[in-house]
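Colleague: Listed here are the chains, written in short residue letters.
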Amino acid sequence: MCLAIPARVVEIHADDTATVSLGGVRKQVSMALIEDPAVGEYVIVHVGYALSKLDPAEAERTLALLASLDPTEAAA
Amino acid sequence: MCLAIPARVVEIHADDTATVSLGGVRKQVSMALIEDPAVGEYVIVHVGYALSKLDPAEAERTLALLASLDPTEAAA
Amino acid sequence: MKYVDEYRDGALAERVAAAIAAEVDPGRIYSIMEFCGGHTHAICRHGIEDMLPATVRLVHGPGCPVCVLPIGRLDMAIELARRPEVTLCTYGDMMRVPGRDRGSLMKAKAEGADIRMVYGSGDALRVARENPGREVVFFAIGFETTTPTTAVALVQAKALGLRNFSVFANHVLTPSAIQAILDSPEVTTTGSVRVDGFIGPGHVSTIIGSAPYDRFARDYRRPIVVSGFEPLDIMQSVLMLVRQLNEGRHGVENQFSRAVSHGGNAKAQALVDQVFELRDSFEWRGLGTIPDSALQIREGFADWDAERRWQLRYVPVADNKACSCAEILRGVKKPADCTIFGTVCTPENPMGSCMVSPEGSCAAYHLYGRWRDMEKRA
Amino acid sequence: MKYVDEYRDGALAERVAAAIAAEVDPGRIYSIMEFCGGHTHAICRHGIEDMLPATVRLVHGPGCPVCVLPIGRLDMAIELARRPEVTLCTYGDMMRVPGRDRGSLMKAKAEGADIRMVYGSGDALRVARENPGREVVFFAIGFETTTPTTAVALVQAKALGLRNFSVFANHVLTPSAIQAILDSPEVTTTGSVRVDGFIGPGHVSTIIGSAPYDRFARDYRRPIVVSGFEPLDIMQSVLMLVRQLNEGRHGVENQFSRAVSHGGNAKAQALVDQVFELRDSFEWRGLGTIPDSALQIREGFADWDAERRWQLRYVPVADNKACSCAEILRGVKKPADCTIFGTVCTPENPMGSCMVSPEGSCAAYHLYGRWRDMEKRA
Amino acid sequence: MGPTDRSAFPRKLDLRHGRVDLSHGGGGKAMAQLVEEMFGAAFDNPLLAQRNDQAVFDAPVGRLAVTTDSYVISPLFFPGGDIGSLAVHGTVNDLAMAGAVPLYLTAGFIIEEGFPLGDLGRIVASMAAAAREAGVSIITGDTKVVERGKGDGVFINTTGIGVTRPGVAPSGDRARPGDAVLVSGFVGDHGVAIMSTRENLSFETAIASDSAALHGLVAAMVEAVPDIHTLRDPTRGGVATTLNEIARQSGVGMVLDERAIPIREEVAAACELLGLDPLHVANEGKLIAICAAGDAVRLLDAMRGHPLGADAAVIGEVIDDDHRFVQLRTAFGGKRIVDWLAGEQLPRIC
Amino acid sequence: MGPTDRSAFPRKLDLRHGRVDLSHGGGGKAMAQLVEEMFGAAFDNPLLAQRNDQAVFDAPVGRLAVTTDSYVISPLFFPGGDIGSLAVHGTVNDLAMAGAVPLYLTAGFIIEEGFPLGDLGRIVASMAAAAREAGVSIITGDTKVVERGKGDGVFINTTGIGVTRPGVAPSGDRARPGDAVLVSGFVGDHGVAIMSTRENLSFETAIASDSAALHGLVAAMVEAVPDIHTLRDPTRGGVATTLNEIARQSGVGMVLDERAIPIREEVAAACELLGLDPLHVANEGKLIAICAAGDAVRLLDAMRGHPLGADAAVIGEVIDDDHRFVQLRTAFGGKRIVDWLAGEQLPRIC
Ligand code: SF4
Ligand code: SF4
Ligand SMILES: [Mg+2]
Ligand SMILES: [Mg+2]
Ligand SMILES: [Mg+2]
Ligand SMILES: [Mg+2]
Ligand SMILES: [Mg+2]
Ligand SMILES: [Mg+2]
Ligand SMILES: [Mg+2]
Ligand SMILES: [Mg+2]
Ligand SMILES: [Mg+2]
Ligand SMILES: [Mg+2]
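Going down the list, the protein sequences come from chains A, B, C, D, E and F.
Just so you know, the first sequence maps onto residues 1 to 76 in the working numbering.
Just so you know, the second sequence maps onto residues 1 to 76 in the working numbering.
Just so you know, the third sequence maps onto residues 1 to 378 in the working numbering.
Just so you know, the fourth sequence maps onto residues 1 to 378 in the working numbering.
Just so you know, the fifth sequence maps onto residues 1 to 350 in the working numbering.
Just so you know, the sixth sequence maps onto residues 1 to 350 in the working numbering.
This is chain A alone, in the form it adopts within the complex (with noise of 0.2 Å):
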């Protein structure tokens, strides 16, 4: 039940609720844990909340270190 993913959010409705996609996949959830959601963003969803806002950037800069790595170093 820990279960917690990256989503789009695709569509901000009235009451305080989102639409969010996963690979295709729609699901409506609640933003009442967020500030000020943007279509566009993506959010870390857990049993049908938004828990908090995925930062772009930060992800990036992850995934750069990691490949920044030297195998050649690292066979050696």
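What the hints contain is simulated information worked out from the structure, not anything from laboratory work.
Small disclaimer: the values here were computed from a predicted structure and weren't measured.
Just so it is clear, CB atoms sit at the ideal spot from N, CA and C, and this is done for glycine as well.
Just to be clear, a hint being listed does not mean it is correct.
To be verified - Straight-line C-alpha distance at most 30 Å; calculated BS3-like pairs for lysine-lysine:
{"no.": "1", "chain 1": "D", "residue 1": "K321", "chain 2": "D", "residue 2": "K333"}
{"no.": "2", "chain 1": "D", "residue 1": "K321", "chain 2": "E", "residue 2": "K12"}
{"no.": "3", "chain 1": "C", "residue 1": "K334", "chain 2": "C", "residue 2": "K158"}
{"no.": "4", "chain 1": "D", "residue 1": "K267", "chain 2": "D", "residue 2": "K158"}
{"no.": "5", "chain 1": "F", "residue 1": "K12", "chain 2": "C", "residue 2": "K333"}
{"no.": "6", "chain 1": "C", "residue 1": "K333", "chain 2": "E", "residue 2": "K335"}
{"no.": "7", "chain 1": "F", "residue 1": "K335", "chain 2": "D", "residue 2": "K334"}
{"no.": "8", "chain 1": "C", "residue 1": "K321", "chain 2": "C", "residue 2": "K334"}
{"no.": "9", "chain 1": "D", "residue 1": "K333", "chain 2": "E", "residue 2": "K12"}
What the hints assert, rightly or not - For the chain F half of the interface with chain C, some residues (derived, Cβ under 8 Å), not all of them:
{"no.": "10", "residue": "P10"}
{"no.": "11", "residue": "R11"}
{"no.": "12", "residue": "D21"}
{"no.": "13", "residue": "S23"}
{"no.": "14", "residue": "A30"}
{"no.": "15", "residue": "E113"}
{"no.": "16", "residue": "R122"}
{"no.": "17", "residue": "R148"}
{"no.": "18", "residue": "R324"}
Since chain A is already given, all that's left is putting chains B, C, D, E and F with the ligands on it; use the hints.
Modeller: Positioned in the frame of chain A, the structure of chains B, C, D, E and F with the ligands alone reads:
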């Protein structure tokens, strides 16, 4: 639903009901409409209630009357 | 089965048939109405008509409580059953009777209404006790035979303080119906219905006795024989009527003496009187609105009266135009006279109430007797 | 799936694995506890252990809310569910957890209790609105990740005046559990559990931030890396821990920076604070009774508190003697160390809570990893 | 891989306290265990032991008869049997009514969540015993579990496969004017036994269901009279409905003699009480046979020589009638129609 | 006696407003009419037209395959099909998995009181269309009606009969170490399509059920490789459970390659959302095939040449393993077990 059928009282219970028997089938029915039912007596049963006692002498009399009709006279 | 089988004896039947055949006046028609649907059913089931001379004609009367209940009253029951809090307990016979817009209790049940078929009022009481969270309503119908059994249930419910039980009462009175027949224009004026005498409903008379018929015999000069329901009972009653008619008499005779007295069941009458009172007027299918022809629940039992509890209101609804039940219930038509008998109207898809209960004339004919009409037509 | 697939990339995984392999000190054991069952699950599902040097040992922690709930609290839920007026809404994971006398919510449901599996508290609210005649109770469990979602439902229920909804609250606190581990005799005294550093639960930290861990890192001198849940996140967190350990550092680092900040989600924290307050003490399976380690519903929401509404009382129940869940939750044992793992205790017939939720160590090992133990034994 | 393969299923099914839950229909290990330990053990035979999603076997030579029925009877256990034995008898009988030798059955279970495993075990054991006694194998099956409130304990579908005998081809459309109509014994026992258990009708009677497999009786019959025109078991709707079906299929009428129809006094009495016609009441161990008038005595003798036909009787004859009416000469001396059952009689007698 | 025999059934079934009531299962005239006007008309074929309680036909020469399944899916209508088409496809597929040519189906309906006749008509029409398309005849059937609250709309049992091809004998116990494991296309579509309709999970996706009859695909496959060792359709419990069943039956292990398993992105995403393994999700138009390694390429080509196998793939190999584990090399680079489905996934996907 207007079905009513004679059955023999085989057991009287405390709650103004009795078990009656018809051709080997036993059923518990209300005796609320009957004065002083007794085991061995026949009653007319309708929707789970005994409606009246059946008078064996009268029953015989009716059959005797029918049997007394003279078929030879009738055939004439 | 003692007191059953003896009265179905084929050998005795031949004797009675022979006696009737011997005693009828060949130049005379004997038109006899059996008031009660139970008699109609027995006549068809045992094939009694085959054993009577052609000049003895049986006319089927209005004595079927399922048949005479008008659509408007049935609709009240359907409306009740549809209430989410209500469990409606009904005799199975009522399930298929067509109401307004081709509705029925059967359809309401299929659509989700909580409707239970019960064997009698006692079962409805049991359902109420076992389901304290439900409003259990007993859909009570019937002539005087059945009324006391409803009265018992109401007295018991009151004694138990059983507040989730109530009765939707539709009990009607036999003498009112007989009077309506005898006063109908078809009998009094046009002569399209001929009733020379009556086979009286023996089960009704176990309760009310034979006394209530005395005035009809006297005032309308028609012989009446209160009859049992086995085929020999009916045959004998026919013979007794033939004899009265042959002799120009018009008395009340009691063929069902093994179960019926002149005064009836006093205990049952007292119970009915305790619980019920006359209703100002009641609409009957076929017979129209008749004053003082039905019963309603007394003030003292108001808390168990479903009509009061839900403030039910009767809205008259016209019968299906194609249906001849009204005429059949008055004896004006026979089932086969209805243009849709056996084609559009069948027991599976009844268009009128007479096609539902096995005691309805159309149902009894369809189930047991329709070959007869086919033969006649052919 | 953006932000998912990238973090499962096999080629990048090889790089990280190579880096870890290159950077570990061959003469040293790195014993790292992943606190969270979500991490345990991901480790087993993706086969991460296969990609780590033998000297990097992952110790599974107590961070599975299904696993740590003691039998007595589950029994309270079963008792609630058995009440005829109650509809209990629960996360599916709880259904098979064994309670007293081998009972479970699944068995209670099979015996007739009205129990619905829901996706979250929002669905439970919907059930309550759609069934005004039922008492709908939401069986709320979870760490800080889940607590705010329960808080939202309670605030909404109060705003709507929804009186047939209530919450049976069992929310527990991550820092309390970490502290219990660090203070346990196995860690402090006997040394039977070695925890060199922690992989911190990233989803918890989306709400509470990374700040609450600062004091552990400082006071207990253990590095902590708050980690995401994709396999590359975990691998990277391992690498970050290895580096801290190699360098003798013990700070809190944030691998999951794309979703976690130092302060966490202020809006969520405010909501939790509005609805919940600290519970004086709470019994955890495996960790014992810990003061201030769980939350209870505040007075202002008392009308929506199932514990108050039904005056539920907690009765402690001893764990099954054969079951080693307590030791597994403290990191003292691994699933294969339990004598009944995979024989008497299986996901179909779990004997302990750790065999139920996919985040429980025993379940994760049984589903994904038991060949590994078989190989070792063979 | 036998029923005691404890490596796959470490804990035995708990027949004393266990109940069916949704996992038993989920397709996973719990279902595999139920199938293996309960169904596999009780129905054990080489074809079932193939443990595939189908059974494969050499086709018998000749003509095959195939029939299917779902059993939804309430109550599941009743005087004279239970849904398990009924599910075997009913389907075996539909094969026997084609004059076929029953060979194989399939079994599909739809079980309601919460159903006691012990009761399921009793039903399965009874089904296995009935199949063994009838000489048929249950060769493949299926298990589904539905949520509580979406079923009624257990429903069972059985499909039967048999092989017909050369020269024996009874069919509902082969009744001809002049043919004799026979019944194999007392009618209405099954329906009355079931109705006696229903709470709102409650009456007591010694009547038990007649549920039985009739292929042995049929074997004796076709040996005596291979050219039986029609065979049918009068189940739901009773003798009346079955005869009407045949009349309609064959385009004929019938005339029955009420005095000749074997009806037990208790059955007649129960029908009087309930306002039912015994000819509309269900049977599960009786058959209707129609044959040329000249074969009737021989057929009747063969029937009476078999325990399940001891009370057999000729009850009427087939006539020419464009209306396809089934008529009855009443014991009283009149005549009436015997009609199809109209509406439902009482729910779920099979 | 045709479907328009108005003398027996004067009023047509009311498909617009009518509902099934108890009389439709009572064995009387209402049932006869439902059977004739709805089932008889839709499924029309000479064997069904025998209108007996069984169908009789010449036995095919060879080996017969027989299978049975009850369908209790909820909802009854779903993206990509309905219970009617599913009841044909599922049973045809179990015949196809024996390498058999499907010939005949039986159909047993258990209908809940109150079910709209119009919906029943749609289901029956869909079933008839699926049967027609698959080239099988529905030759006999049965109808039961249960009281409201004792069923769930409609349950359908179909039993299938087919005839196997000489030299073709796939079976679950024939997987051998070294064999290749193939799947015919994207996995998990059916289960995800069904789950997307469930109120408490509600999500939207373009995924439709893959429900389809696979015997055409199998025909192409056995033509290319007659000696396919094992064929099975991974329905309830998904690919994972099916492979475990086979591993257990054959006494072998398997190793799968996660990267090779065809899974649509939407299916993967829905599984992430719900915490499910796509390998545990049901399929209704996919098959698992196991063959000798040397036959794998030929078999794969044959599969890809058929529209229902266009996305077929070799996903793993059979190994020697006393533990009978099915293992997976993860895309990430590790290894894990692929276990049986434990417990129920989500109720009633077939
Ligand atoms: S046949 Fe039907 S429509 Fe005609 S009178 Fe009788 S009940 Fe009415
Ligand atoms: S295997 Fe089962 S009994 Fe043993 S510790 Fe794990 S959950 Fe408890
Ligand atoms: Mg009357
Ligand atoms: Mg956690
Ligand atoms: Mg059949
Ligand atoms: Mg049958
Ligand atoms: Mg199956
Ligand atoms: Mg049959
Ligand atoms: Mg099958
Ligand atoms: Mg199948
Ligand atoms: Mg059938
Ligand atoms: Mg299959």
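Colleague: Given the hinted pair D/K321 and E/K12, is their Cα-Cα distance within 30 Å?
Modeller: holds, 20 Å
Colleague: Holds or violated: are the alpha carbons of C/K334 and C/K158 at most 30 Å from each other?
Modeller: Not OK: C/K334 and C/K158 at ~44 Å, beyond 30 Å, violated.
Colleague: Could you check if F/R122 really has its C-beta closer than 8 Å to a C-beta on chain C?
Modeller: Cβ of F/R122 sits 18 Å from chain C, so the hint is violated.
Colleague: Per the CB criterion, is F/D21 less than 8 Å away from chain C?
Modeller: holds, 5 Å
Colleague: Between the alpha carbons of F/K335 and D/K334, is the straight-line distance 30 Å or under?
Modeller: holds, 19 Å
Colleague: Tell me if the straight-line CA distance from C/K333 to E/K335 falls inside 30 Å.
Modeller: The hint holds at about 22 Å.
Colleague: Need the status of pair D/K321, D/K333: alpha-carbon distance at most 30 Å?
Modeller: holds, 15 Å
Colleague: Compare the distance between the alpha carbons of F/K12 and C/K333 with 30 Å, and conclude whether the hinted pair is satisfied.
Modeller: holds, 27 Å
Colleague: For the pair supplied as a hint, D/K333 and E/K12, confirm whether the alpha-carbon distance does not exceed 30 Å.
Modeller: holds, 27 Å
Colleague: Given F/R11 as an interface hint, is its Cβ closer than 8 Å to any Cβ of chain C?
Modeller: holds, 5 Å
Colleague: Is the interface hint for F/E113 satisfied, with its Cβ closer than 8 Å to some Cβ of chain C?
Modeller: holds, 5 Å
Colleague: Take a quick look at whether C/K321 and C/K334 sit within 30 Å of each other, Cα to Cα.
Modeller: Given that 30 Å is the threshold and the Cα spacing comes to 17 Å, the pair holds.
Violated hints, listed in ascending order, are 3, 16, 18; each of the other numbered hints is respected by the structure.
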